[in-house]
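K.L.:
For the protein sequence lines, the chains are A and B, in the order given. In terms of the working numbering, the first sequence opens at residue 1 and continues consecutively. In terms of the working numbering, the second sequence opens at residue 493 and continues consecutively.
Don't take each hint at face value.
[Unchecked claim] Where chain A lies over chain B, by a calculated footprint (3+ residues, C-beta under 8 Å):
| # | stretch |
| --- | --- |
| 1 | 521–534 |
| 2 | 539–549 |
| 3 | 552–560 |
The set of hints was computed from the structure by calculation and includes no laboratory data. Keep in mind that this is a model prediction, so the values were computed, not measured. Using N, Cα and C, we set each Cβ at its ideal position, and we do this for glycine too.
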Amino acid sequence: MTPGHIEFPIIGAKWFIGLTALSHIVVASLAIGFAFIVTAAQIVGYLTRDRSCDLVAKQVQLLHVCVYNIGTIVAVGFIFGLSGLFPQFWSQLFVHQFWTLMLEELLFFMLATTLSLHYFFWDRLWGHKKMHIFLGALLTPFFLLQFYLINGIGSFMLTPGFAEGQASLSQGILGWDKQAFYNPSFLMLTLHRAFVNFSYGGFMVAGLCGWQLFKKHPENVAGAYEKAGRLSFTLGFMAFLTLPVIGYFYAHVIKYEANEAFVNLMWGRGDIIAGGIDWWWVKHLAVAAIFGMTMNYFWRQRKEPQALLSVPGIMVASISLFYLMFYLAMGMIMTYAFFWWMVFTAIGGALLARHRRHYHGGSPRALFTTVAIFSLLTVVLGGYAREAARPRFVDRISHYDSIYVPHERQPYLMLPIGPDEIPAPPAEPVKTPEPVRLIRQKCISYHTLERVKNYRAADWPLIVRQMRAYGLRLSTLEETMIVDYLESGEPY
Amino acid sequence: MSAEQSEQKQEQAAVEAEKKTPAARSAVAHPWEAELDSYPLRPPEEDPGWAVKTVKIWLWTAIALGVFILALLVLGYFYD
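So that you can see chain A by itself, here it is in the shape it has in the complex:
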């Protein structure tokens, strides 16, 4: 780190940024998922004229208002932290992506206003229900647009792109930079995060409904929570199913465009290992557990007379087979131990779901809350893995002191320049001796130095005293220094 940086007490600057960033991601992702689920529940409620979905949607939207506020405030702390703790990195990135970030800010304003109006006018617009649903539905595209913009910056830090994108790292392009924004991993990051957020939101709403089902409610209220829980659980699961497919193409891009990050993820190198634990594996264990639990749910569900929310058994089996192939492919790249760990964890998840369902008399409440907790875990660990796999951007930016970091050098990240080619700083000028400086400064206040040099008299003490008598301001020490130097005959 560059000398002179502020160090955050106890946890350090790096972990302060990590904690605020992860806290922000946990709630911001939830906000995006909530917006999607609320709209879906409102539409289902309107089409079926069923109040239960609408009431749960309203309750979730209230939570969304709270979550949105917390997420925004944590983001401000994150930005403050970056500005103070990593000023060089942040100012460069902020200047580089200035207009993108200004649009991001505009979207924050649009989202906050839309969300507030949607929740607080809920009961005032029963005569304009379609308009009210449309107002809420705007939140999802606005959120997508917002993290479309932020993903341009996030993916740039992983894969800075071609040509101009590379140059922008060293030249500090001001404002919009298309090549840097639409960098190689931009599309895959955006798709992956979008569906993760929908899945996370769906599972979390189901978890909240499951939590309510633990309480003693009147029968119709419990029924409302169960119905809304099943709806959001199914929507969350549908989004969850897209993730291996998107994840495959995402990994493909990273393999060729950010090979070091790919190696770190797949074979447990670098910051992915913390405290002796490979957190990428732990994240996948949580995913496999979710998969096992959801498969058990839908396998049981196929027998129940709920046509809208059930899935045919053959589809459940096909999805299981697809996931098995996915883990097999992952095992071929990583290690077969990974494959077996995932298979056994998924089976364990399915058995746990079966047990909990029986234990709670057929109610999905325990399953919903457990999947929600695991879903939260995957978002936290996924965020950590994404950031930890990337070689530290702050060490790679183009400030003079760390232009070359050998162990992190990648051709597309660095300037094509070696340490020997960096021009040496100019040599410092030789310091002028103090008597010379005094002679030059004091004498030329009254006459040229030529006059001093032409003077051949040997009695310098007398002459200097005469000059003081004429008004030259000189201390006794300075007088002695000047006289001694002139008597020595050295040049000045």
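Mind docking chain B on chain A? Use the hints.
P.N.:
Positioned in the frame of chain A, the structure of chain B alone reads:
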């Protein structure tokens, strides 16, 4: 106080205590219970006019801002 009065008072206290148990309280007082039976659509003119106007103004503003941002992104792609 007579024994009869004392007994009545005890019974009344028992009834009050019963009401205060969480089970009884939640079973009686859940605000959704009465609302779940209806989906209260109403004629549009019954909505407060100021609320409808506010939301309409904001909807058009938000749509215009959204189109503006999308236009910038599209133009930024072609004319960087």
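K.L.:
Take the hints in turn and mark each one as holding or not.
P.N.:
Hints and how they fare:
1. 521–534: Satisfied; 11 residues make the cut.
2. 539–549: holds (count 7)
3. 552–560: holds (count 4)
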